[in-house]
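K.L.:
Here is what each chain is made of, one letter per residue.
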Amino acid sequence: MGKRPLSPHLQIYRPQITSVLSILHRFTGIALALGTLHLVFWILAAAQGPEAFAAVQAFSDSWVGQLLMLGWTAALFYHLANGVRHLVWDAGFGFAPSQVSISGGITLIVAATLTLLAWLIGTGQLGMSL
Amino acid sequence: MSMRSPLGRVRGLGSAKEGTGHWWAQRVTAIALIPLTLWFAAGLLSVIGAEHGAAIAWIGSPVTAVLLVLLLATGFYHAQLGLQVVLEDYVHHEGAKIAALLCVKFACLLLGAAAVFGVLKIAFQG
Ligand code: HEM
Numbered sequence: 241m242g243k244r245p246l247s248p249h250l251q252i253y254r255p256q257i258t259s260v261l262s263i264l265h266r267f268t269g270i271a272l273a274l275g276t277l278h279l280v281f282w283i284l285a286a287a288q289g290p291e292a293f294a295a296v297q298a299f300s301d302s303w304v305g306q307l308l309m310l311g312w313t314a315a316l317f318y319h320l321a322n323g324v325r326h327l328v329w330d331a332g333f334g335f336a337p338s339q340v341s342i343s344g345g346i347t348l349i350v351a352a353t354l355t356l357l358a359w360l361i362g363t364g365q366l367g368m369s370l
Numbered sequence: 190m191s192m193r194s195p196l197g198r199v200r201g202l203g204s205a206k207e208g209t210g211h212w213w214a215q216r217v218t219a220i221a222l223i224p225l226t227l228w229f230a231a232g233l234l235s236v237i238g239a240e241h242g243a244a245i246a247w248i249g250s251p252v253t254a255v256l257l258v259l260l261l262a263t264g265f266y267h268a269q270l271g272l273q274v275v276l277e278d279y280v281h282h283e284g285a286k287i288a289a290l291l292c293v294k295f296a297c298l299l300l301g302a303a304a305v306f307g308v309l310k311i312a313f314q315g
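Chains as they are written, first to last, in the working numbering: chain A, 241 to 370; chain B, 190 to 315.
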């Protein structure tokens, strides 16, 4: 292998906000891709007719379905917020260590707020609908 | 002094042989997905738990149908590009990597085409 530089050894590095948020982006991207299966089934069932649609709806309403939807919503809003953070970096801004930590905190707050808001509206807790 | 041949420099495609194409496509789709996913989340909330009739009325309305097709195409393209990077990072055996990449790309294409078909069917014949 010679004297090539090595990437950090994950086993001996203490997790930090930056490294955890980074792997979360990858994790949520994969989760979102898997979650599209449910979206595709939902659309195809709607195209198929009322019975098929009711069957998919029953799964969505079950506790497993609800748990998956909660995870999917959180993954979407996290990946969205952190995706914007990535795009800001790509534009060349926000690389100072302090800025990276602050934008990470903002990302978490935005993701949690949007997830909470979506679920409060979706479950009718806010008494409003879109 | 550059170590690159004049031809290599003119082509500008680097050692990956495709320049910045993959990277750029991932950013373009990411930017398009910001408004699309926010619109979609709001729209889904408006039909959540609705009867079949209300759901297909939403999916099949002209604005929704067009935006849904765009969301599906952009989303699956973005997912496929992203999953490619993940596989390239972790699967090192050349044959297994190519097989996995083909599976991911074909699966994304199949799911995307099936979902777009569903949207168009609802839009055109209810
Ligand atoms: C909501 C809007 C979205 C934005 C703004 C966004 C943004 C991004 C960005 C900037 C990257 C590149 C990150 C990097 O350089 O490491 C990325 C990667 C990725 N995205 Fe998205 N994305 C969005 C939605 C989605 C959706 C809906 C899916 C799945 C269906 C998805 C799946 C992925 C995957 C699998 C990766 C690769 C992750 C990695 O390489 O670690 N994204 N996204």
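Misleading hints may appear alongside valid ones.
Claimed, not checked - Just the calculated beta-carbon pair ranges, DEER-fashion:
id, chain 1, residue 1, chain 2, residue 2, range
1, B, H281, A, E291, 44 to 50 Å
2, B, E207, A, L366, 28 to 34 Å
3, B, A246, A, Q251, 53 to 59 Å
4, B, V252, A, H278, 33 to 39 Å
5, A, H278, B, I220, 23 to 29 Å
6, B, L299, A, G334, 21 to 27 Å
7, B, S191, A, I342, 34 to 40 Å
Claimed, not checked - With a straight-line cut-off of 30 Å between C-alpha atoms, the simulated DSSO-like cross-links for lysine-lysine are:
id, chain 1, residue 1, chain 2, residue 2
8, A, K243, B, K286
9, A, K243, B, K310
10, B, K310, B, K286
11, B, K206, B, K286
12, B, K294, B, K206
Calculated from the structure, these hints are not laboratory results. We treat Cβ as the ideally placed atom computed from N, Cα and C, and that holds for glycine.
K.L.:
All hints, please: hold or fail.
P.N.:
Verification of the supplied hints:
no., hint, verdict
1, B:H281 <-> A:E291: 44 to 50 Å, "holds (47 Å)"
2, B:E207 <-> A:L366: 28 to 34 Å, "violated (48 Å)"
3, B:A246 <-> A:Q251: 53 to 59 Å, "holds (54 Å)"
4, B:V252 <-> A:H278: 33 to 39 Å, "violated (23 Å)"
5, A:H278 <-> B:I220: 23 to 29 Å, "holds (25 Å)"
6, B:L299 <-> A:G334: 21 to 27 Å, "violated (38 Å)"
7, B:S191 <-> A:I342: 34 to 40 Å, "holds (39 Å)"
8, A:K243 <-> B:K286, "holds (27 Å)"
9, A:K243 <-> B:K310, "violated (59 Å)"
10, B:K310 <-> B:K286, "violated (36 Å)"
11, B:K206 <-> B:K286, "holds (18 Å)"
12, B:K294 <-> B:K206, "holds (20 Å)"
Hint compliance for this structure: hints 2, 4, 6, 9, 10 are not met, and every other hint is.
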